[in-house]
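J.: Under the UniProt record's numbering, residues 1 to 512 are what the sequence shown spells out, in order.
Computed cross-link-like contacts, SDA-like style, restricted to lysine to any residue with a CA-CA straight-line distance of at most 25 Å: (1) K22 with N180; (2) K442 with G492; (3) K307 with P292; (4) K29 with Q76; (5) K45 with L79.
Between beta-carbon pairs, the in silico distance windows are: (6) R126 with K183: 34 to 40 Å; (7) G489 with A401: 40 to 46 Å; (8) S49 with K316: 45 to 51 Å; (9) T428 with S390: 38 to 44 Å; (10) P292 with I218: 25 to 31 Å; (11) K183 with E132: 27 to 33 Å; (12) K22 with N426: 53 to 59 Å; (13) I218 with R381: 17 to 23 Å.
Since the hints were derived computationally from the structure, they do not count as laboratory data. Just so it is clear, CB atoms sit at the ideal spot from N, CA and C, and this is done for glycine as well.
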Amino acid sequence: MKRFRFLTEVQAATIEPALSGKDILVQAKTGTGKTIGFLLPAIEKALRSPVRPKGTPILVLSPTRELAQQISTEAQTLLPQSDLRIITVTGGTRNPSTDLQKFLERDHDIVVATPGRLHDYFTGPRKTEAYEKFHGLQTLVLDEVDRLLDGGFARELDGVISMLPKTKRQNLFFSATISNNIKQVAKKYNDGSEYTFISTLKEDEMNVHQHVHQSYIITPFEKHIPTLLALLHLDSIKHPLPHVTTSTPSLSPGTTGPETLSKVMVFFPTARHVSFAMEVLSSESIKKSLPPLLEIHSRKSQSARTKAAGAFKNAKSAILLSSDVAARGIDFPGVTLVIQVGIPSSAEQYVHRLGRTARAGAKGQGIIILDPQEQPFYTTREMQKTTTISPYISSPSSHEAKELETYIQTYAQHVQNTLETVSANNPTVIGSAYVSFLGYYKGQARMMKWSSERLVEEANRYAKQVMGWTDALPPAISPKAVGMMGLKGVRGLNIMKPPRPEREQSRGDRRQ
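Whenever a hint applies, use it, and build me the whole structure from the sequences.
T.: Have a look at this one:
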C-alpha cells in the first residue's frame, strides 16, 4: 500500500469535507495531489458500507485516456492488496467489444472512464446492462471539469450523467479554472442543490501571468512554421547545459545544435495540423537543428500516445507537438516554453495549455503565433479578464527583432523545400489538414468575421501558401463533411464525386 507522511494542501483542504459527505466543487491545479484528494474519501466511503454495494460505487470521469489511466494506476497503488476491482473504460483500444464484455461480465468498485466511451456503452446494443452497473453508485467524480466541458465532451457528459440511476450520490468535482458556466454545470449535475466550493489556489496562483511571461507574434499563416522553428532555435540557445557556453552558437538549419535543456510543448488547433507539422519538422534538413521531436494527438493509438508522453516526461530536452489531448492531466517536468500556433478555441483553453510551463511555482514562458485575422482573440473580454499578454517584439528595430527575422528567413527556405517534398510524396497529410482547417475555423468564423465564402477562400489559400499544395483545384472534401460544416453550396470547394453504383458500372461496361 502506498504510504503518505503528509497531506498536500489540496488533500488537506478536500479530504475532510468529502469524508463528511458534502458535495464539493474544488479549484485545484494539476500536479497538486488532487487525485488522492478524491480517491481516498470515495474509497473510504465504499469500504465503510456494511454491505458491499451491488454494481459500481465509484465512477470517475476524465477528459483523456492518459489521465484516466493515470487515475487508475494511482488507485491501484493505494490498494495493492485490496479486493476492490478497478477498470478503465476509454476509447482507442484494439478490441472495443472485448472491453465491453470485460466491463459487463463482473462488478467493479471503481470505474475510471472517458465520457465518450461510457456514452457509447450507455447508447449501444447492451445499454441496459451498462447503466444498470451503476445502480449502487455512491460517488461521482468529475476530474478536470473545465477540460471536460471545453474539449467537445459536453454532449456525451450530459448524456452519461442523465442516464445514471437517480439514486442519492455524492458529487466531487475538480477543476483548474472556475467560470460561471462551470458553477452552473456543477449545480445542474448536483440536481440543482447547492455544493461547497473550495479553492486551493493562492492569490498569486490565480493569475497565471504572474508566473508565465506571455507574448504574441502576429504574422501571416504562411510564416507560422518558419516562426515556430526560429523560436525553437532561440529556446535551445537560451537553455544550454551548464558546461555549454551561453554565447550565441553558430547554429543554423541543417546542422546539429548544441546540447540544450530546451523542452518545448507546441500546440496546434487540431490533430491533423499536428501531423502536418510533424511531417515538416521531421524532414532531414530541419530536424538536425532541433531537440528530439515527439507528437501526441487523438489520431494516434493509445500505445503510441502513452509512449510519446513517457518519452517527453523523462526527456531533459525534447519538443512535443500536440493537440489538446496533452493540455492537461499529465505532469511534464522541466518545460521551458509553451508555443501555441494558431487561435485556441477559448481563453480557458489558452490558459490550460499555458499551464504546462511554470510548474511548481517556477517561472515559465508562453508565446502564441497568430495570423493578423486571428488578432481579435487576445483582445476578447475573456482573455482580458484571464491574463496579460504583450508583443514578443517591443520594437521592430531592436536586436531581438532582427535576430528573430534572420532565423525566420533562414528556416523559410528549408520549409519551402520540405513542402515540395511533402506535396509530392504525402498529399494525404495536406488534404486532411485542409479539411481540418475548414472544420476548426468554421467554429471561429464569427470572431474573425469570416463568411462561409471567405472561410473557403482562406482555406484554399492556406493549402497553397502554408502547406505547399500544387494542384489547380484545392484538396478534395467529401459531401458528408461539407454538409456537417454547413458549407453546402459554397463556391470554391472541390467536392468528391460519389462512386457510381456497381450495377450502373456494369451496364456501362456492357455498352462498351
